Amino acid sequence: MTAALRLVAMLGAVALSVPAVAAEPPPNRQAELLALLHQDCGSCHGMTLRGGLGLPLTPERMDALSVESISETILSGRPGTAMPPWAPFMTADEARWLATQLQTGGNPP
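FYI, in mature numbering (1 follows the signal peptide of the UniProt record, and there is no 0) the residues of the sequence shown are -22 to -1, 1 to 87.
No lab work stands behind these hints: they were computed from the structure.
Keep in mind it's a predicted model, so treat the numbers as computed, not measured.
Glycine included, each C-beta is placed from N, C-alpha and C at the ideal position.
Please note: incorrect hints may appear among the correct ones.
What follows is a list of derived Cβ distance ranges for each label pair [said to hold, decoys possible]:
1. Pro5 / Glu46: 20 to 26 Å
2. Arg39 / Asp71: 18 to 24 Å
3. Gly84 / Leu33: 16 to 22 Å
4. Gly58 / Glu2: 18 to 24 Å
5. Gly58 / Pro4: 34 to 40 Å
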């Protein structure tokens, strides 16, 4: 294998090993998503997201989960529970962005 082919193969392997990063929504959509989080999600998870009918959504709890796991729950809900699917209201990238906000505590109520 030539040096150029080895370099291409190595760069491809690196690209595949980097986790997907959620595209950041525009500021107006971020505000809408955060309003949804605190008003709609807060109706079950508590207005401060520290628990209620639903489990707490604190950074400490969310950090134990992957962004993909959180975003999948946001999009698909939890069958057999009160957690509804939110896929009709946001894209996968927006759900990943929201999951990251939950993990970092970036936008408290």
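Do the hints match the structure? See the list:
{"no.": "1", "hint": "Pro5 / Glu46: 20 to 26 Å", "in the structure": "holds, 25 Å"}
{"no.": "2", "hint": "Arg39 / Asp71: 18 to 24 Å", "in the structure": "holds, 23 Å"}
{"no.": "3", "hint": "Gly84 / Leu33: 16 to 22 Å", "in the structure": "holds, 19 Å"}
{"no.": "4", "hint": "Gly58 / Glu2: 18 to 24 Å", "in the structure": "violated, 33 Å"}
{"no.": "5", "hint": "Gly58 / Pro4: 34 to 40 Å", "in the structure": "holds, 35 Å"}
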